[in-house]
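Quick mapping for you: the protein sequence lines, in order, are chains A and B. The numbering used here puts the first residue of the first sequence at 1, with every later residue one more than the last. The numbering used here puts the first residue of the second sequence at 257, with every later residue one more than the last.
It is worth saying that the hints were derived from the structure and are not from the lab. Any given hint might turn out to be false.
Partial chain A-side listing against chain B, Cβ under 8 Å, derived [unchecked claim]:
no.	residue
1	Ser45
2	Val50
3	Asn138
4	Ile140
5	Leu142
6	Tyr146
7	Gly147
8	Pro174
9	Leu186
10	Tyr190
11	Val191
12	Leu196
13	Trp199
14	Val205
15	Ala239
Keeping only pairs whose Cα atoms sit at most 25 Å apart, straight-line, the calculated SDA-like set for lysine to any residue is [stated by the list, open to error]:
no.	chain 1	residue 1	chain 2	residue 2
16	B	Lys339	B	Arg276
17	B	Lys339	A	Pro28
18	B	Lys339	A	Ile18
Given the structure is predicted, the values throughout are model-derived calculations rather than measurements. Just so you know, even glycine gets a beta-carbon here, dropped at the ideal spot from N, CA and C.
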Amino acid sequence: MRTRVDVALGLAYRQLMILAKNPSLLLPPMLFPLLNFAAFAGGLSRLRHVPGFDYAGGYTGFQFVFVLLQSAAFGGVFTGFGIARDFERGFARRLLVTAPYRSGIIAGYAIAALARWLLVAVVLTIVALAVGMHVGGNGIDLFGLYGLAVLVNIAGVLWACGVAMRFRTTQAGPIMQTPVFMLLFLAPVYVPLSLLSGWIHAVAVVNPITFVLAGGRSLLVGSPEDVLQATAIALGLGAAFAVWAYRGLRSAERAG
Amino acid sequence: MTLARQVLLIAWRSLVRTLRQPGTVIPPLIFPLMLMAVNSNGLRAATHLPGFPTDSFLAFFIPFSFIQGALFASGIAGTDLAKDIDTGFMNRLALTPMRGSALLLGQMGGAVGLGVIQAALYLLVGLVAGVDIESGIGGAILILLLATLVCSAFAALGLWMALRTGSTEGVQSLFPLLFFFTFISSMNPPRNLIEVAWFRDVATANPVSYLIEGLRSLVIEGWNAQALALGFGLTIALLVLAMTLSARALRVRMART
Chain A
1 MRTRVDVALG
11 LAYRQLMILA
21 KNPSLLLPPM
31 LFPLLNFAAF
41 AGGLSRLRHV
51 PGFDYAGGYT
61 GFQFVFVLLQ
71 SAAFGGVFTG
81 FGIARDFERG
91 FARRLLVTAP
101 YRSGIIAGYA
111 IAALARWLLV
121 AVVLTIVALA
131 VGMHVGGNGI
141 DLFGLYGLAV
151 LVNIAGVLWA
161 CGVAMRFRTT
171 QAGPIMQTPV
181 FMLLFLAPVY
191 VPLSLLSGWI
201 HAVAVVNPIT
211 FVLAGGRSLL
221 VGSPEDVLQA
231 TAIALGLGAA
241 FAVWAYRGLR
251 SAERAG
Chain B
257 MTLARQVLLI
267 AWRSLVRTLR
277 QPGTVIPPLI
287 FPLMLMAVNS
297 NGLRAATHLP
307 GFPTDSFLAF
317 FIPFSFIQGA
327 LFASGIAGTD
337 LAKDIDTGFM
347 NRLALTPMRG
357 SALLLGQMGG
367 AVGLGVIQAA
377 LYLLVGLVAG
387 VDIESGIGGA
397 ILILLLATLV
407 CSAFAALGLW
417 MALRTGSTEG
427 VQSLFPLLFF
437 FTFISSMNPP
447 RNLIEVAWFR
457 DVATANPVSY
467 LIEGLRSLVI
477 EGWNAQALAL
487 GFGLTIALLV
497 LAMTLSARAL
507 RVRMART
């Protein structure tokens, strides 16, 4: 363990081994997106008949992009729970003592979160295609869509990591997930922005996730719109939460 | 000591233990209200669909909050009992004259007590937000009663999970199953408006749909005898089934220790 990369890869390997040996930790993050997808795309598909619903990819595609981004964000949050658990059990403190480059710890957790989410994304995509999701985008568009989701995953894990390192207890779980939940569900989840009304429309218009979601949905149907804006927002969130996580690490170091 | 006294003692311990943990009390109060606020606005467009039973999605959706609260109740009851098994409290209790039935009924005290608070809060928030209870004050009281019964049935399921697995991780890992039953139901769309055939069929076979529809009928329809009979009947059946399974699992666990 001489470099940052060594620390990051070593920790990521440990996290993934824990997941592989504990299906109870692996299955819920896998099942929740699938259940959400089934409930939204299966149960609410008649919403495509609402006057003004004009998404070219159909309701399944409309919901797929949301659930993909949701699974990415919550994949990061679930990793935050693991970090908090590591602090409760004393592992994280021993890690802080032994790691020569501590920023590698954040990177290690982020790599593990990404690997875990990629598995979820593959399963979700297979299920969506199996139920007849229409994909209009080409390879580059789809690369853009999954790239956006990767950025959301990284932002999610950095946010949760910052919280876990400050509070160092699993009791902080609601603090990790509630803002992410609110940010996601205050975007146009079920119908396009133009069909929202009242206060939720006013909130959705300024919600950064609205733009990421719109960018992702446009990529799926192969008519990219405002993708640069969506990417810039996702990168911005990632950068802001990287600072948040790094300062959280410093807070954990000070706490000893 | 009488059975009633035994139940009261365990229930009081369970209630105090639950209310002393903010991490246990706050999410069941806050999350369903957040989802109610978000979905009732985000899905308002659904009320424009021909055949949608009401013009207020909030009124349509509020019964789901009671079910969501009941899901939390099953987690609280299950996790607390699993902790008691894990820490040896159950083993020590087995050395006392405490009856198994008192233990099971009492262990639900915290979850059901919190369930009553939740149900009253959801209903109050709904009324403040403008929901009109079509069945009137009597209906509102019946909503609280049915919501508490649903909470008890789900809490009993949580006890069964804890007794079967004996660990908090085991209880947690069985939750996707409960979520499946909750999500693949008529929680968001009325069953007659579900287009996808397999989803409609599963939702029709899913008892949770009838629990939601029983509560929903009181809010948006008034007095619908069939919906209420199905709602109450299935809830009581679920409660009896879960308690029977828990009693059997308790006997097995006590025999092991």
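Going down the list of hints, with the structure as the test:
1. Interface restraint check: A/Ser45 against chain B, minimum CB-CB distance 5 Å, threshold 8 Å, status holds.
2. Residue-level restraint check for A/Val50 holds (minimum Cβ-Cβ distance to chain B is 5 Å; threshold 8 Å).
3. Interface restraint check for A/Asn138: the shortest CB-CB distance to chain B comes to about 28 Å, outside 8 Å, so the restraint is violated.
4. Because the beta carbon of A/Ile140 sits about 31 Å from the nearest beta carbon in chain B, more than 8 Å, this interface hint is broken.
5. With 8 Å as the threshold, the beta carbon of A/Leu142 stays out of range of chain B, its nearest partner Cβ sitting at about 25 Å, so the hint is violated.
6. Residue-level restraint check for A/Tyr146 is violated (minimum Cβ-Cβ distance to chain B is 25 Å; threshold 8 Å).
7. Hint status for A/Gly147 relative to chain B: violated, with the closest Cβ pair at about 27 Å, above 8 Å.
8. A cut of 8 Å between beta carbons decides the hint on A/Pro174: the least distance to chain B is about 5 Å, and the hint holds.
9. Because the beta carbon of A/Leu186 sits about 6 Å from the nearest beta carbon in chain B, less than 8 Å, this interface hint is met.
10. For A/Tyr190, the suggested interface contact is upheld, since its CB lies about 5 Å from the closest CB of chain B, less than 8 Å.
11. Below 8 Å, beta-carbon pairs count as interface contacts, and A/Val191 has one with chain B at about 5 Å; its hint therefore holds.
12. Proximity of A/Leu196 to chain B holds as hinted, the smallest CB-CB distance being about 7 Å (cut-off 8 Å).
13. Satisfaction of the interface hint for A/Trp199 is found here, the shortest Cβ-Cβ separation to chain B being roughly 7 Å, below the 8 Å cut-off.
14. Nearest Cβ of chain B to the Cβ of A/Val205: about 13 Å, over the 8 Å cut. The hint is violated.
15. A hinted interface residue such as A/Ala239 counts as satisfied when its beta carbon comes closer than 8 Å to some beta carbon of chain B; here the least separation is about 27 Å, so the hint is violated.
16. Using a Cα cut-off of 25 Å, the hinted pair B/Lys339 and B/Arg276 holds, with the two alpha carbons roughly 15 Å apart.
17. Distance check on the hinted pair: B/Lys339 and A/Pro28 sit about 21 Å apart at the alpha-carbon level, within 25 Å; holds.
18. Pair hint B/Lys339 plus A/Ile18 holds up; C-alpha atoms about 22 Å apart against a cutoff of 25 Å.
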